[in-house]
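Visitor: One letter stands for each residue in the lines below.
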Amino acid sequence: MTAFKRLDKGGRIDRSKTIAFTYDGARLFGHGGDTLASALLANGKTLVGRSFKYHRPRGFLSAGIEEPNGLFTMGEGARQEPNIPGTMLPLAEGLSAKSQNAWPSPSFDLMAVNGLAGPLFGAGFYYKTFIGPFKKSWMFYEPFIRRAAGLGKASETLDTARHDAQYGFFDCVVVGAGPAGLAAALVAGRAGAKVLLAEQDSELGGSLLSESSATLERWRMDAVSELQSLANVTTLVRATAQGLYDGSQITIAEHKSNGMLFHVIRAKTIIIAAGATERPLVFANNDRPGIMLASAVKTYLNRFALVPKSRAVVATNNDSAYETAFGLAEAGVAVTVAELRPSPTGDMLAQAAALGIAIFPNTGIADTAGDKQLRQVKLAGRHSVTIDCDVLAVSGGWSPNVHLTSHCGIKAKYDAKIAAFVPGGFAESHFGAGACLGHFGLLAAVRDGESAALAALARRGFTKKPKPVELPSVREDRPYHIGTGPRLSDIAKPAKAFIDFQHDVTAKDIMIAHEEGFHSVEHMKRYTTLGMATDQGKTSNVNAIAIMADLRGIDAGTAGTTTFRPPYSPLTIGALAGRSVGKHFRPVRRSPLHDWHANNGATFIEAGLWLRAWYYAWAGSTPEDAYIKEMELVRKGVGLADVSTLGKIDVQGPDAAEFLNRVYVNGFAKLPVGKARYGVMLNDDGVVLDDGTTSRISDTQFYLTTTTAQAGEVMSWLEYLLQCHWPELKVHVASLTDEFGGMAVSGPKSREALQLALPGIDVSNEALPYMGVKDVPFGGTTLRLMRLSFSGELAYEVHCPANFAISLWEHILTAAEPLDIKPYGLEALASLRIEKGHVAGLELDHRNTLDDLGLGKMAAKEKPFIGKELRLREKYQAPERWSLMGLELLEPEKKLRGGSILFAASDEIKGHGRGYITSVTWSTELDKFIALGLYQGGLKHEGEEIIAAFPLKDEQVRLKLVSPHFIDRQGVRLHA
Amino acid sequence: MRLPCPHCGERDVSEFRYGGDATRVRPAHGTGDLKAWHDYTFTFENPKGPHTEYWQHVLGCRQWFKLSRNTATNEIAGVVE
Amino acid sequence: MAKRKAKGYSVFSLLRHALQPEKPWGAAWAKPEPRSSYDVIIIGGGGHGLATAYYLARNHGISNVAVLERGDLGSGNVGRNTTLIRSNYVIDGNTQFFEHSMKLWEGLSHELNYNCMVSHRGQIVLGVSPVQMDVFARRGNIMRLNGIDAELLDRGEVQKLLPYLDYSKEARFPIWGGIHQPRAGTVRHDAVAWGYARAASQLGVHVIENCEVTGMVMDDGKVTGVETSRGRILAGKVGIAVAGHSSHVAKMAGLKLPVESHILQAFVTEAVKPIVHHVVSWGAELFYLSQSDKGGLVFGGHIDGFNTYTQRGQLFKIRDVMECAVSLMPFMSRMRLLRHWGGIMDMTPDGAPFICRTPVRNLYLNGGWCYHGFKATPTSGFTFAHTIASDEEHELNRCYSLDRFEKGGELDDYGIGNWTYKQ
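Quick note, the sequences are listed as chains A, B and C, same order. Each residue of the first sequence is one higher than the last, beginning at 1 in my numbering. Each residue of the second sequence is one higher than the last, beginning at 1 in my numbering. Each residue of the third sequence is one higher than the last, beginning at 1 in my numbering.
Next comes chain A alone, as it looks inside the complex:
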């Protein structure tokens, strides 16, 4: 069955080009210039899908972006995309479309039985049932409900499309290339402004593309060719303005052949010429395939050369639909106009009469018939007749597209003259033009476009007056008259009078919402799900508001409208994400030694944004094997580790010492030049912010190091203090994290190793004692030698300019080869520090105080420091606080796990325990598993046997509480 036939001539289709495509497995043909929708109609596919809830047969309602019914799953496998409106898809060779929500096919759909239960499935149905019989009964029902929900099917495979983003700055962005947008772009372009004109259709022209007049087509082509000749004007097609954000940022999603190009535009001015959307009429069975918006019928006729087979009815409450009636009549279709208004006036009546069109005033539609396609229309009112027809063109008036202004937080306001909402205003530097203001009419649009552009130019300070736009020589606009919106009293069977076609929301549902007190537009929307489908209520919103307002006895303006949110139309998420996905999701930070690690058997691990050498192949093939060997290397010989990721900050100025003295809990004012000191800094609230070693390079210069994780935080914090609060301090800070590489030479043989590597530089205990620092010239650069130890062994850190790091590293490895020096990685580094009892990330978790970490003694008594006051708050000083302890495993056959919860031996194992394990390692020194953790009361309980519970694996182990410093408590090795 077919409603339309294709004309042999006319339209904008290219009959010389035949395009093959697949629809539900069948091979069909269309022409160049077709959309999927027009090609399907040309192939007699009037019924193209089933509705969401009741599985009613549906065909195309529109010819545009507002399409609620004609949605398809496109492509296969990695390119499969659900819910694509066929009206917006240019037909392309090999395109493959599948209908949705119907099984086995749209014309024979077994789920249509849902329709029989219609009265049950009204608004609010789900809230009233599936409650019992048991507490969690919903868990039984939900899978059935979920299976029935959803439209198309998403594919789990990887997306092979390539999406990208582009950033632009324009004097003027024009949204929409209809007559208003074209005029605006012409004027702004002629004035020399940098203009971007974005059009969602595949051609520029907007409503002009649906006209049959040669005059208008000439005007359109002149405008387009002039725009394309202007170097300062960029035009985009298949590019939808999707969102308008603070700071006049507008996003435009452009369809490219292999993906989307997402434009992020910072626009100095924006002209919104987004047009208007036609509303359907609300009557019983208004959803049959073959019932279409009047403007869509006109578009299919004039643009796609599709004409109803023999007879059409046009039903309208306003003047605009007459253009459709005239076009149909001129194409030889028998046309009847059901005119809802009691006594329409205007010159269209005479023109209709001349074309032999019957006009039935004060006549509405009572019902329609036709199983899978419209067959018959039953009129009611002054002319209660039944008419057989193929197509019913409906117009309930026009709704300006107020979305973009709504994105800016500007509420739409009701304009009773057009029975619709218009923008409530515009942000500074934004302007509107044409139908989106409620100015319906071709010439009005052109004039609007011109004046909006002039206003935008003035705002941008363009003084050159551009040549005015030539008006197309067509007759003056016909005034727009509209009757009332839909009223419930006019609707014979509200249960089958659809308002939101895609979500199957009927007039009856609005009635139910009203009865149950869901009066406000937001409640109505949420209770009935109106406007929440992929079309976001483009055709349904205003009709629903009119009915609800009617039920409440108020006007639609008082009822108000819901807020339109971005995006304007469903937007491919890949377009928003662009290239910053997968491997490129976040930047990878690499140490200056990265390439060496990569070429020498390192396995890497992510640490925040950093990729760090985790362990090396020389020590083993798994981290568990390797780190133990690497630890032994450091404890017995000498190892080399990359510590370049540490935050490194240069602090300079006459007040540098005073500054650090304020920031750190311990004193830095008297730190001698050539010495380093371990420091801890607190936040204002008295909680530990970070720790690290800071060296005094000169009277006025310090070299501050931070943990890897907090480097950025500490840098900003220091800048904040200096710039915002202590501007009187003469200090500058500069981050050297990326400028310097660092390596730790650790182990009893580390001094020997340095002596081999740096001959002529005195690294003896006298020349470079523990915590000693010196800058030494070497190989044409300067090295900073610091006798620091994270492992507890005799150890040094050598820092150098980043581009020198690899050669220095290789040099040390080569020079110290006789000592069997080897690299060691992050896992060993972290394990060595556990043995030594150094706190790190898991202990520095923003919850622990200085005392919790066993560092309370560091806090200076005399001098003030940040956090000094609030660290003394009651609960921070409570004796029952948890503090840092060492833990030894007493049951060697069992496993010790990080994240275990600690209990006293006599405790019941429940609740929050008395602490937890932060970090675990095998101790090569003690030959057992050890851990660091926090335990209530801390060292008071040293020597006690406690329990670590890991209920996630049903495990409990016995532990002994010991000092967190497992090795070399006297620091003999450090000072060796």
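Read the hints as simulated data drawn from the structure, not as lab findings. Small disclaimer: the values here were computed from a predicted structure and weren't measured. You may find that some hints are simply not true.
[Claimed, not checked] Output of the computed footprint for chain A on chain C, the stretches with three or more beta carbons under 8 Å from beta carbons of chain A:
id: 1; segment: 148 to 159
id: 2; segment: 322 to 332
[What the hints assert, rightly or not] Taking lysine to aspartate or glutamate and the EDC-like style, the derived pairs with C-alpha atoms no more than 20 Å apart in a straight line are:
id: 3; chain 1: C; residue 1: Lys407; chain 2: A; residue 2: Asp852
id: 4; chain 1: B; residue 1: Lys48; chain 2: C; residue 2: Glu227
id: 5; chain 1: B; residue 1: Lys48; chain 2: C; residue 2: Glu212
id: 6; chain 1: C; residue 1: Lys31; chain 2: C; residue 2: Glu212
id: 7; chain 1: C; residue 1: Lys256; chain 2: B; residue 2: Glu10
id: 8; chain 1: B; residue 1: Lys35; chain 2: B; residue 2: Glu45
id: 9; chain 1: A; residue 1: Lys953; chain 2: C; residue 2: Glu212
id: 10; chain 1: C; residue 1: Lys251; chain 2: B; residue 2: Asp33
id: 11; chain 1: A; residue 1: Lys135; chain 2: C; residue 2: Glu111
For each residue, glycine too, the CB sits at the ideal point set by N, CA and C.
Put chains B and C on the given structure of chain A with help from the hints.
Guide: Structure of chains B and C alone, referenced to chain A:
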């Protein structure tokens, strides 16, 4: 949103780091008044309307500055000296 | 004590109604004119305020209560969140509170005779490093030790449950495993507001919409009522439950709060057939996603990061969240974003809320919910009602006092530190 960095000019908000209510007066360093530190550290004006706040151009010149912005509309009045 | 339960909806009443369409259901909640005074006024007709009114009537026999809502009932955060419920909190105080809430969720549809579609589909939080897995282990162990369900999953187990994640070498942050709370899930958010409103209304509570509180009526340092857009209304006690706007309302009584108002954005795609069967959260960055019963994928990320009362978010954050979505779940690249919106969050320095008395007599505060207020709704109302009725904190909300920062009683569950704009 775009913010006027006093050094670099107008830039995207994503280049900046927010620093909170700038009308709070930091107690003088070393003030032992617990209440003053508590109020400074933990309470905020948080008005619905004009707000003076700290921002840092963290992915730019790294300058901290005070900005006047309306929290009800995100309109920016400008940098506060 | 009132022991009546909400009633009226069942499969039988539905059938009866379908057969007798001329008999309307009647309003879900009554729309009375305000009285001149009430025993208790709750400012804010969102989830927390309505739940409080319900439990005041149901548990404490106080039904001379008005809930005053500035706009439409439920038009704030209860209708803007991503509908997740979970009880995976590690800090003593938080753990018990949120688990109590989970237990109330389990019986809520029955309790309210309203299908809130409480779906215990399970939440899986994905760990991206061994260190993070240890942090999750602690969380899971605490949950187990408090009678809460939790399972540790290794990478293979995650892959079986969530086959659509990126397990390839292309993944920037490899998945090491996850922690699964099977009882966590989703709830139909609007139904919570409507269900509580209906049940409270049946117990005699006045739910008054379009009634904006513009000031406090104070007498001798105590609150005795409120000024509203519909005139002065007196009250014995006044409770604030306007999270997002707590500072604004508390200021009417001269209180300055440890709160900044930040925007959190949320996102929904077009509806598709079931593909994601759990709530999935990511450890690489704050990101969480679930699929609604209607079929839309509902997801979100972190706050934009500066205080604002505009309910529209910044573009950079939107793109950030999309990058998370596609990087974790590559199939999301092809999905289409239908709508994004924002809600205003009361961000507190430690990420924990306030349910407490205030320094102003007869004034009570429920706020500071950061971005995790929805899951707390039932117990928030339950404990706030207790605090208002008996003028003392319930055991469950004792730690949520306004003065906890003076004492060092922070409840920083995520270990983020004292930064409202990071919590």
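Visitor: If a hint holds in the structure, say so; if it does not, say that too.
Guide: Here is what the structure says about each hint:
no., hint, verdict
1, 148 to 159, "holds (count 3)"
2, 322 to 332, "holds (count 9)"
3, C:Lys407 - A:Asp852, "16 Å, holds"
4, B:Lys48 - C:Glu227, "19 Å, holds"
5, B:Lys48 - C:Glu212, "15 Å, holds"
6, C:Lys31 - C:Glu212, "15 Å, holds"
7, C:Lys256 - B:Glu10, "33 Å, violated"
8, B:Lys35 - B:Glu45, "17 Å, holds"
9, A:Lys953 - C:Glu212, "53 Å, violated"
10, C:Lys251 - B:Asp33, "24 Å, violated"
11, A:Lys135 - C:Glu111, "9 Å, holds"
When each numbered hint is compared with the structure, violations occur for hints 7, 9, 10.
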